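K.L.:
Using the sequences and the hints given, assemble the complete structure.
Sequence lines, in order, name chains U and G.
All residue numbers for the first sequence refer to numbering that gives the first Met the number 0, where the first residue is 0 and numbers rise by one.
All residue numbers for the second sequence refer to numbering that gives the first Met the number 0, where the first residue is 0 and numbers rise by one.
Worth flagging that the hints you see were computed from the coordinates, not collected in a lab.
Mixed in with the good hints, there may be bad ones.
Examples of chain U residues lying across from chain G (beta carbon under 10 Å, computed) [stated by the list, open to error]:
no.: 1; residue: S293
no.: 2; residue: L306
no.: 3; residue: F536
no.: 4; residue: P554
What follows is a list of derived Cβ distance ranges for each label pair [stated by the list, open to error]:
no.: 5; chain 1: G; residue 1: Q36; chain 2: U; residue 2: P348; range: 43 to 53 Å
no.: 6; chain 1: G; residue 1: L14; chain 2: U; residue 2: P348; range: 50 to 60 Å
no.: 7; chain 1: G; residue 1: K70; chain 2: U; residue 2: D149; range: 19 to 29 Å
no.: 8; chain 1: G; residue 1: E77; chain 2: U; residue 2: T537; range: 36 to 46 Å
no.: 9; chain 1: U; residue 1: L232; chain 2: G; residue 2: I24; range: 27 to 37 Å
no.: 10; chain 1: U; residue 1: Q332; chain 2: G; residue 2: L15; range: 28 to 38 Å
no.: 11; chain 1: U; residue 1: A346; chain 2: G; residue 2: I28; range: 43 to 53 Å
no.: 12; chain 1: G; residue 1: V17; chain 2: U; residue 2: A327; range: 50 to 60 Å
no.: 13; chain 1: U; residue 1: G218; chain 2: G; residue 2: I40; range: 17 to 27 Å
Values in this document were obtained by computation on a predicted structure and should not be read as measured data.
Ideal Cβ placement from N, Cα and C applies to all residues, glycine included.
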Amino acid sequence: MGIQGWTFLIVGLTFALYIGIAIWSRVGSTSDFYIAGSRVHPVANGMATAADWMSAASFISMAGMVAFLGYDGSVYLMGWTGGYVLLALLLAPYLRKFGKFTVPDFVGDRYYSDTARVVAIICAIFISFTYVAGQMRGVGIVFSRFLDVDITMGVIIGMVIVFFYAVLGGMKGITYTQVAQYCVLIFAYLVPVIFVSLMMTGNPIPQIGFGGTVADGSGEYLLDRLDGLMTDLGFDAYTDGSKPRIDVFFITAALMVGTAGLPHVIIRFFTVPKVRDARISAGYALIFIVLLYSTAPAVAAFVKTNLITSVNEVEYAEAPEWFHNWEATGLLQFDDKSGDGVIQFHADPDINELWVDPDIMVLASPEIAGLPNWVVGLVAAGGLAAALSTAAGLLLVLATAIAHDLLKRTMIPTMKEKTELITARVTVFFTVMIAGYFGINPPGFVAQTVAFAFGLAAASFFPAILMGIFFKRMNKEGAIAGMIAGIVFTASYIIYFTFINPEINNAEYWWFGISPEGIGTLGMLLNFAVALGVAKFTNKPPVHIQELVENIRVPRKMPSSSDMKKKKPNKPSGSNPE
Amino acid sequence: MENKAQAYWKRNLTLLYVLLFFWFISSYIFGIVLVDQLNTIQMGGFKLGFWFAQQGSQYVFIVLIFIYVYKMNKLDKEFEFDEE
Numbered sequence: 000m001g002i003q004g005w006t007f008l009i010v011g012l013t014f015a016l017y018i019g020i021a022i023w024s025r026v027g028s029t030s031d032f033y034i035a036g037s038r039v040h041p042v043a044n045g046m047a048t049a050a051d052w053m054s055a056a057s058f059i060s061m062a063g064m065v066a067f068l069g070y071d072g073s074v075y076l077m078g079w080t081g082g083y084v085l086l087a088l089l090l091a092p093y094l095r096k097f098g099k100f101t102v103p104d105f106v107g108d109r110y111y112s113d114t115a116r117v118v119a120i121i122c123a124i125f126i127s128f129t130y131v132a133g134q135m136r137g138v139g140i141v142f143s144r145f146l147d148v149d150i151t152m153g154v155i156i157g158m159v160i161v162f163f164y165a166v167l168g169g170m171k172g173i174t175y176t177q178v179a180q181y182c183v184l185i186f187a188y189l190v191p192v193i194f195v196s197l198m199m200t201g202n203p204i205p206q207i208g209f210g211g212t213v214a215d216g217s218g219e220y221l222l223d224r225l226d227g228l229m230t231d232l233g234f235d236a237y238t239d240g241s242k243p244r245i246d247v248f249f250i251t252a253a254l255m256v257g258t259a260g261l262p263h264v265i266i267r268f269f270t271v272p273k274v275r276d277a278r279i280s281a282g283y284a285l286i287f288i289v290l291l292y293s294t295a296p297a298v299a300a301f302v303k304t305n306l307i308t309s310v311n312e313v314e315y316a317e318a319p320e321w322f323h324n325w326e327a328t329g330l331l332q333f334d335d336k337s338g339d340g341v342i343q344f345h346a347d348p349d350i351n352e353l354w355v356d357p358d359i360m361v362l363a364s365p366e367i368a369g370l371p372n373w374v375v376g377l378v379a380a381g382g383l384a385a386a387l388s389t390a391a392g393l394l395l396v397l398a399t400a401i402a403h404d405l406l407k408r409t410m411i412p413t414m415k416e417k418t419e420l421i422t423a424r425v426t427v428f429f430t431v432m433i434a435g436y437f438g439i440n441p442p443g444f445v446a447q448t449v450a451f452a453f454g455l456a457a458a459s460f461f462p463a464i465l466m467g468i469f470f471k472r473m474n475k476e477g478a479i480a481g482m483i484a485g486i487v488f489t490a491s492y493i494i495y496f497t498f499i500n501p502e503i504n505n506a507e508y509w510w511f512g513i514s515p516e517g518i519g520t521l522g523m524l525l526n527f528a529v530a531l532g533v534a535k536f537t538n539k540p541p542v543h544i545q546e547l548v549e550n551i552r553v554p555r556k557m558p559s560s561s562d563m564k565k566k567k568p569n570k571p572s573g574s575n576p577e
Numbered sequence: 000m001e002n003k004a005q006a007y008w009k010r011n012l013t014l015l016y017v018l019l020f021f022w023f024i025s026s027y028i029f030g031i032v033l034v035d036q037l038n039t040i041q042m043g044g045f046k047l048g049f050w051f052a053q054q055g056s057q058y059v060f061i062v063l064i065f066i067y068v069y070k071m072n073k074l075d076k077e078f079e080f081d082e083e
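P.N.:
Here it is as structure tokens:
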């Protein structure tokens, strides 16, 4: 069977599985719809979190970026895993104890202010939309290359499927579908790389293999060979990197903190039964994530070595079949500048004749390594699983932000549960339509907007939530001022360098040598500074808020003093002015 | 009651400081700040700094979370703050 036959078969089977799960897990309450009734087992929640988190960017793009950036690509590896330490230690258990549905819920209640809630809602919506657009591009790439349908059709198929199980099953449906999607995507990621690792280094474990010797009897280490190939072509050595260290530092921090501040990740810790489950499920999630993230640099090193050795100085007419297949998509281009009919790959743009989009490296790696056709089909199914699972999680956050946070909590508090559930489902419908539009007409700046999403999450949510838990004295004035300062600063810096003056977007003009990707870290520090300064000169938060903070700090349900007050007649209770 | 909760919180914070210290060392210090110095040390086919940046830090992160879970569950029991 050919590549296309296998792809149709495997993708079709996985889609049937997702739909089956959706039908099995229909829901009837808002609690089921938003947070799966808080009944998900920690291991299942860990897998679902991992699938939710690992998007088309992780599955399709990340290894390719590492392959092209070498050591500098480490920012993604450390940044997108280290954030889980912050989540597990600083946020997840306390937010679970708080026990509401969403991040804006927490921000609004903790800072006793609808203004804070609305600021949080706007951030959540903006961050999630940015992300969804990226997922849809991933779906489009997979469909257009492997299924031979055009991108529009591919995106519509993807959206129909997501819509189906998000509307029917809400968070419950999404969670169990994501468990299945995690299994599909990790299997699809590991199978080809294990083959490649065996072929290239003789070791089936890629994490060890890429630090081993090349299996051609030369006894040379793989990474040494790759460094040699790179420097021969005029690039920096693969293991050295070329970004300024301060920028690497700041980007890593922005990605870590941004990860911990992303609403669709945080919301996952509301779905488990207990505080102790929230702690351990962050641990499980990280194991499942690291399974892929520790493999990615191995994929990167293998595919980079293979790419250079299989096409550099090869005659165009003799180039392997995958080369021409990908050329047809426009994601790989050859421009014979020297006119000798031979492909020359070089660091110098004047001599270089080969341009490869990093996004194709993972999808193409089985073909580059000459693996059987069913592996290629499997990788396509994995890429779709990664993109769809993340898109579904994001759509749910958007629906929750609009139906629950904005309408129910801010505008129409009298709304009945049944109406809210219908509203949430209608919202999913509209967000699917908008996301689909972005998928078919992707904005040209998807890559930059990802920096936006992380930078904003780092500069807004993370400090507000952290201080809400760890600094009892933090009041609404401080938190709001901090969030606004952080967002405005970060957004201005990114917009200035990526949209207004892209021609001066280089280290010479950046503040302290920090690129727009890393500026969220500075925005976060600014948020902390402004919030602490303003809080110092404004009133303490009311007593019931200080009690709330004390309450979320301990796992066991405590009788609060305001409950006790209620028992005494004629004493004004300090709780909830709403 | 008040004092008990405060003592519990203090122990929690101490644990956080220790774990976050190792979190910072394994990624920012070994993987970024001292990467060139560590790269002079070879571990199999890996330069050590490169290994921390692309592999080691991730394994340290997992270990840190599981230590945290273990310690906190014990602390909850000790203070009788665990969930029934």
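K.L.:
Which of the listed hints are broken here?
P.N.:
2, 3, 5, 7, 10 and 11
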